[in-house]
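Student: In order, the protein sequences belong to chains P and U.
Number 85 in my numbering belongs to position 85 of the first sequence; there are no gaps in the numbering.
Number 77 in my numbering belongs to position 77 of the second sequence; there are no gaps in the numbering.
Hint data in this document are derived by calculation from the structure and do not stem from the laboratory.
Any given hint could be a false lead.
Within a straight-line C-alpha distance of at most 20 Å, the following computed EDC-like cross-link-like pairs (lysine to aspartate or glutamate) qualify [unchecked claim]: (1) U:44 <-> U:84; (2) U:44 <-> U:75; (3) U:24 <-> P:48; (4) U:108 <-> P:48; (5) U:44 <-> P:108; (6) P:68 <-> U:1; (7) P:58 <-> P:92; (8) P:58 <-> P:74; (9) P:68 <-> P:93; (10) U:44 <-> U:1; (11) U:24 <-> U:1; (12) P:58 <-> P:93; (13) U:35 <-> U:75; (14) U:108 <-> U:84; (15) U:108 <-> U:86; (16) U:44 <-> P:62; (17) U:44 <-> U:33; (18) U:35 <-> P:93.
Sample of chain P residues facing chain U (criterion: CB under 7 Å; computed from the structure) [claimed, not checked]: (19) 9; (20) 59; (21) 108.
We put the beta carbon where it would ideally sit given N, CA and C, even for glycine.
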Amino acid sequence: QVQLQQSGPGLVRPSQTLSLTCAISGDSVSSNSAAWNWIRQSPSRGLEWLGRTYYRSKWYNDYAASVKSRIIIDPDTSKNQFSLQLNSVTAEDTAVYYCARGSRAYHDSWGQGTLVTVSS
Amino acid sequence: DIVMTQTPLSLSVTPGQPASISCKSSQSLLFSDGKTYLSWYLQKPGQSPQLLVYEVSSRFSGVPDRFSGSGSGTDFTLKISRVEAEDVGVYYCMQGIGLPWTFGQGTKVEI
């Protein structure tokens, strides 16, 4: 059974960088069949897919156009986890952030969610 | 981006009665591999979303058979044959035909 455990600060100052980590148990970040995603949820935007990282003989990343200039999703094979960095945050980035294992077919394992508030 | 539109946005149901949620996509969700990538999730109060149905009609492991999905192309439906108290929450559809994956706005089901 796959479990995803999120960690990271719940408060970020405007213009700073939001950083979250998702630790994986029960699967490998280097799996050739899984993709590792970040999704956020806010009252104004609903559920919004942000991006993913996955390994298919080499590492790939895909990002949503809405955040592409500000986002990095990185795997860490030594710790079997992946991270989210979102730069230059504003109040509009305030949301609950989820990591999830998923593909085009479905997202079957989700982290517990982290409420990130952007405020000075 | 593909737009997913759910109706209704809220639904009040009586335990033991059926419920139905519609999801329409702005383009066909039939992929080149012959599969249709439409999935359904339930977000119970205070919890993360959980997978119910994938590829239109395949129930995920452990999901009760009172949940069923149907549809094709751009029109899809999630049905609950007999609603139970534990089914309350917000239901979302999601498309996997093209990035970015997009979700419907959610349907809140309450007893």
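Student: Each of the hints needs a verdict: does it hold here or not?
Tutor: Checked hints:
With a C-alpha separation of about 13 Å, the suggested pairing of residue 44 (chain U) with residue 84 (chain U) holds against the 20 Å cut-off. Between the alpha carbons of residue 44 (chain U) and residue 75 (chain U) the distance comes to roughly 24 Å, so the proposed pair goes past 20 Å and is violated. Using a Cα cut-off of 20 Å, the hinted pair residue 24 (chain U) and residue 48 (chain P) holds, with the two alpha carbons roughly 17 Å apart. The suggested pairing of residue 108 (chain U) with residue 48 (chain P) holds, with an alpha-carbon distance near 18 Å, which does not exceed 20 Å.
Simply put, residue 44 (chain U) and residue 108 (chain P) have alpha-carbon atoms about 15 Å apart, close enough for the 20 Å limit, and the pair holds. Restraint check for residue 68 (chain P) and residue 1 (chain U): satisfied, since their Cα atoms lie roughly 14 Å apart, inside the 20 Å limit. Taken as a hint, the residue 58 (chain P) and residue 92 (chain P) pair is broken in the structure, with Cα atoms around 33 Å apart against an allowance of 20 Å. A threshold of 20 Å between alpha carbons decides the hint, and for residue 58 (chain P) with residue 74 (chain P) the separation of about 13 Å falls inside it, so the pair holds.
For the proposed pair residue 68 (chain P) and residue 93 (chain P), the alpha carbon gap of about 14 Å is at most 20 Å, so the pair holds. Proximity of residue 44 (chain U) to residue 1 (chain U) is assessed by CA-CA distance (about 27 Å); at most 20 Å being required, the pair is judged violated. Distance restraint check for residue 24 (chain U) and residue 1 (chain U): the Cα-Cα separation of roughly 14 Å lies within the 20 Å cut-off, and the hinted pair is therefore satisfied. The straight-line distance between the Cα atoms of residue 58 (chain P) and residue 93 (chain P) is roughly 30 Å, outside the 20 Å bound, and the hint therefore fails.
A threshold of 20 Å between alpha carbons decides the hint, and for residue 35 (chain U) with residue 75 (chain U) the separation of about 15 Å falls inside it, so the pair holds. Distance hint between residue 108 (chain U) and residue 84 (chain U) is fulfilled; the C-alpha atoms sit about 14 Å from each other, no more than 20 Å. Only pairs whose Cα atoms come within 20 Å are accepted, and residue 108 (chain U) paired with residue 86 (chain U) is accepted, the gap being roughly 13 Å. Note on residue 44 (chain U) and residue 62 (chain P): the hinted pairing is violated, with a Cα-Cα distance of about 29 Å set against a maximum of 20 Å.
About 33 Å separates the Cα atoms of residue 44 (chain U) and residue 33 (chain U), which puts this hinted pair outside 20 Å; it is violated. Between residue 35 (chain U) and residue 93 (chain P) the CA atoms are separated by roughly 34 Å; this puts the pair beyond 20 Å, and the hint is violated. The closest approach between the C-beta of residue 9 (chain P) and any C-beta of chain U is roughly 19 Å, which is over the 7 Å cut-off, so the hint fails. Residue-level restraint check for residue 59 (chain P) is violated (minimum Cβ-Cβ distance to chain U is 17 Å; threshold 7 Å).
About 5 Å separates the beta-carbon of residue 108 (chain P) from the nearest beta-carbon of chain U, less than 7 Å, and the hint is met.
Of the hints listed earlier, those the structure fails to meet are numbers 2, 7, 10, 12, 16, 17, 18, 19, 20, in rising order.
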